[in-house]
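Sequence order for the protein chains is A and B.
With this note's numbering applied, the first sequence has no gaps in its numbers, which climb one by one up to 874 at the end.
With this note's numbering applied, the second sequence has no gaps in its numbers, which climb one by one up to 940 at the end.
Calculated directly from the structure, the hints in this document are not laboratory data.
C-beta atoms are modelled at their ideal positions from N, C-alpha and C, and glycine is treated no differently.
Hints are supplied without guarantee of correctness; some may be wrong.
Straight-line alpha carbon distances no greater than 25 Å define the calculated SDA-like cross-link-like pairs of lysine to any residue that follow [stated by the list, open to error]:
1) Lys321(A) to Lys933(B)
2) Lys795(B) to Asn698(A)
3) Lys795(B) to Gly310(A)
4) Lys933(B) to Thr305(A)
5) Lys889(B) to Phe901(B)
6) Lys762(A) to Asn698(A)
7) Lys730(A) to His865(A)
8) Lys377(A) to Phe901(B)
9) Lys795(B) to Glu346(A)
10) Lys456(A) to Thr467(A)
11) Lys795(B) to Leu380(A)
12) Lys738(A) to Gly861(A)
13) Lys321(A) to Lys906(B)
Simulated DEER-style distance windows between Cβ atoms [said to hold, decoys possible]:
14) Pro867(B) to Glu285(A): 37 to 45 Å
15) Ser387(A) to Glu800(B): 24 to 32 Å
16) Trp890(B) to Thr344(A): 29 to 37 Å
17) Gln288(A) to Lys744(B): 21 to 29 Å
18) Ala496(A) to Asp909(B): 49 to 57 Å
19) Met847(A) to Lys818(B): 18 to 26 Å
20) Thr903(B) to Met275(A): 40 to 48 Å
21) Gly763(B) to Leu843(A): 20 to 28 Å
22) His342(A) to Asp834(B): 48 to 56 Å
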Amino acid sequence: MPSSFNMTNMPFSLLTEAEQVLLRSSLDIGYYQRGETVLAAGDVPEGVYVILKGVVSENDADADGGEVDHVFVHYTAEDYFGGWSAIKGRAIHNFIAEEETICHILPTKMLLDLCAENSRFADYFQQSLSAKTEIRSKLGGDQDMAEFMLAQIKDGVIREPLIVEQGSTIEEATRLMREQRADCMLVKRGNRYGMVTGTDLLDAIVIDGFPLATDVAEIASYRLITTASGDYLFNALITMTQQHIERVVVMDDQQLTGVVELTDVLSYFSSHSHVIGLRIERAATIDALRDAAAGLSDLVRAVVGQGVKARFVMDLIAAMNGRIIAKLFDLIIPPDMQPHVCLVVMGSEGRGEQIMKTDQDNGLIFRDGLIWPDMHETLRQFSDTLISFGFPECPGNIMVSNPAWVKSIGDWTQQLSDWSENCDGLAQMNLAIAVDAHPVAGNQALFKTSRNWFMRHLQSNKVFFAHFAKVALEFDTPLSFFGNLKEKGQLDVKKGGIFPIVHGIRTLALEYRVLETNTFKRIEALVELGQIKEKHGRELCEALALFIQVRLGQQVLRAEQDGVDQTPNTIDLALLDKMERDMLRDALHIVKGFKKHLALRYHLAG
Amino acid sequence: MIIPRTIRQFKERIDHRAGPYGELFAPYEGDEVVSLDCETTSLNVKEGEILSIGAVKIRGQKVVTSERLDIKLKPPKSLTEDSIKIHKIRAADLADGVGMDEALEQVLAFVGNRPVLGYYVNYDIRMLDKFLRPRYGFGLPGKAIELSHVYHDIIKWRSIGGNADLRFDTISKNLDIPILERHTALGDAITVALMYVRLKYGETPNI
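Use the sequences and the hints to build the structure in full.
As structure tokens, then:
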């Protein structure tokens, strides 16, 4: 087809002139009515479809053409679809014309011929596939990683639990465990379950000296750590790492489903996050801890390369970083001081929203009247060690090595309330950082006392919220008058998208005394309190996740190219495809709407 | 024009049924249609010369652009400034064109006994017939489908008084079909083919 087919679009612009002529000569044009199925799942596709006009949606409606479960993507003019299907020989999803559509059809045979001839063209066409294989070959042997990261608990690691009724003796229980080759069992007491492990039995007899006829229900522990079967397996791992336990109980709708054991999970998964977690736990010296921490960057890269959602990566990293800092705290802070101080992380670390190692934002709260002469010396060592682990120094010097961020509980609280009554920019910024604080080590009660007092104190100062919210509106949303992306080349996603959401939600969370610090969890809590409509909450979560995902993708790219990422918040629009740009635009519209909502709510006209 | 052509075709069918081109006159059984367009030097059949011929097959809902005809002919003497202004084909563009004999052979092989679709298709058919008759003794054997008639049959109920606007650009606008390449034979043939498919299988256009 002579010229209606636009060769200047990727990936067709990669073809040589001769190949373009060849491609043109083999194109057909298809016409589809609204609602017509262009390609049904399971069909053998004719080739790649390039839309000339119209809209096509991709969904995974079940084969009998029933309910449309989920529309993955909409394709519009100049987008192509069916590339995967053509290469695989069978369509995976349904493609349905949403309006009248005219498509160019590039026959499969020609596609394969062109792929064979032109390797760059082939790479682009198989982009997702090749990117994955490349990473796999680099990491060698880690191909189970993605499967693992996305595996759910129900995917085969749940064990049928051994259950005994209340009234069984220790002796009976031990024999039963022996017979069943189990090393833990659940004891049913009324309608509650308690867990008894081999160690519990041993401790009960040897250390506590219970007679063998004792009811096992007496020694079971009833505070079960549970998870749901639809949860991600690595979340179970995170829980186990955080709680120092080896098994979690799977409960669905209050019903016992089974038990997940650490050994099973580890056999599912051989070399990653949990191993790093274990290495962190076992590190007895600072050097050993440093080695363990070094593995973290590789983990992030691998996980991101496999396309795991940024939000889950954040959970994983936050848990890992928290462990590293807590462990270092154990190693450096003298044990006799540990109960009297509380180490908090703040800013993005406190919210659990960092992914690449960001600068350390931490502080220390100590008990009023604590006498510890070497305090500043020790804390300086703490900060320096963290820097040597690859957590960059904080440019605003918000670190425990700075005495301004090491305060007694009274001073700390006073400081917060001073900031809240001061309207200058620095005070507002410090406050924003400090209210995201999250305790990671030491005596958490110290932190909680201070936070609870401050939250109560704020309620008496309604003007504060308006002042505080105003900052969220400071930066313009980078959308043009007509609602398109404003900047052609680059866009600061932090100012334009992330910050307004995070700060706006932070303000609302403070006003309604939400204790969570993670923005996603704050949104969920606010929805539960009825302060945000469920639909808006979901949209905000999606928008924020998209910003983080897109930013992360580009950060990893830059880190690979240059080693150092100078502009962590810049999004290069040229690197996004049309679909991603469209999604980014929609997300920015959500931000715009949210800012309007804030302005109305806090009477911030103009 | 339709009636004389029908009579003439009837006569030709009887004359040639047993001849070497007999199969061209068998009734067409398939579901294909050929969309055809010629660029010429004049809109007057008597004076005009063909510059290029474009044709493409329509199979069901699909315009099979991979099976197409795109013939450039040798520049005729009558290629003058006036017509160059319209179709923008210069003598230089036709330097590697083929002779009329070869072109007609390709057209017959491509079209066969399939129905021929076009916009003011009679003009194109008469133009081709003008060159076919002296050589073969018959014109294009297939049925003619006039795009503007197909269009008119569908929209006439909406335009009271029968003053339907049948201009090419209007039709393409109403059908929301992009004009791919106006004034190249193949481009027009493809556009017409798309409009035909749209009229045949799509919803009635809103006017």
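Structure-based check of all given hints:
For the proposed pair lysine 321(A) and lysine 933(B), the alpha carbon gap of about 18 Å is at most 25 Å, so the pair holds. Distance restraint check for lysine 795(B) and asparagine 698(A): the Cα-Cα separation of roughly 65 Å exceeds the 25 Å cut-off, and the hinted pair is therefore not satisfied. For the hint linking lysine 795(B) to glycine 310(A), the alpha-carbon distance of about 21 Å falls within 25 Å, and the restraint holds. For the hint pairing lysine 933(B) with threonine 305(A), the CA-to-CA distance comes to about 18 Å; that is within 25 Å, so the pair holds.
Of the pairs offered as hints, the one joining lysine 889(B) and phenylalanine 901(B) holds, with about 16 Å between alpha carbons and a cut-off of 25 Å not exceeded. Between lysine 762(A) and asparagine 698(A) the CA atoms are separated by roughly 18 Å; this keeps the pair inside 25 Å, and the hint holds. Restraint check for lysine 730(A) and histidine 865(A): the C-alpha separation of about 18 Å stays at or below 25 Å, so the hint holds. Taking the CA atoms of lysine 377(A) and phenylalanine 901(B), the gap is near 36 Å; set against the 25 Å cutoff, the hint is violated.
Pair hint lysine 795(B) plus glutamate 346(A) holds up; C-alpha atoms about 19 Å apart against a cutoff of 25 Å. For the proposed pair lysine 456(A) and threonine 467(A), the alpha carbon gap of about 19 Å is at most 25 Å, so the pair holds. Our distance criterion of 25 Å between C-alpha atoms is met by lysine 795(B) and leucine 380(A), whose separation comes to about 22 Å. The straight-line distance between the Cα atoms of lysine 738(A) and glycine 861(A) is roughly 15 Å, inside the 25 Å bound, and the hint therefore holds.
Between lysine 321(A) and lysine 906(B) the alpha-carbon distance is near 14 Å, which keeps this suggested pair within the 25 Å criterion. Between proline 867(B) and glutamate 285(A) the C-beta distance comes to about 41 Å, which sits within the given range of 37 to 45 Å. Taken as a hint, the range 24 to 32 Å holds for the pair serine 387(A) and glutamate 800(B), whose Cβ atoms sit roughly 30 Å apart. Taking 29 to 37 Å as the suggested C-beta distance range, the pair tryptophan 890(B) and threonine 344(A) conforms, at roughly 33 Å.
As the Cβ distance of glutamine 288(A) to lysine 744(B) is approximately 48 Å, the hint placing it in 21 to 29 Å is violated. At about 50 Å, the beta-carbon gap between alanine 496(A) and aspartate 909(B) stays in the expected band of 49 to 57 Å. In this structure the supplied range 18 to 26 Å is violated for methionine 847(A) paired with lysine 818(B), their Cβ-Cβ distance being about 43 Å. Checked against the hint of 40 to 48 Å, the C-beta distance between threonine 903(B) and methionine 275(A) comes to roughly 30 Å, which is inconsistent with it.
The beta-carbon spacing between glycine 763(B) and leucine 843(A), approximately 49 Å, falls outside the hinted interval of 20 to 28 Å. For histidine 342(A) and aspartate 834(B), the hinted distance range of 48 to 56 Å is satisfied, since their beta carbons lie about 51 Å from each other.
In this structure, the hints that do not hold are numbers 2, 8, 17, 19, 20, 21, in rising order.
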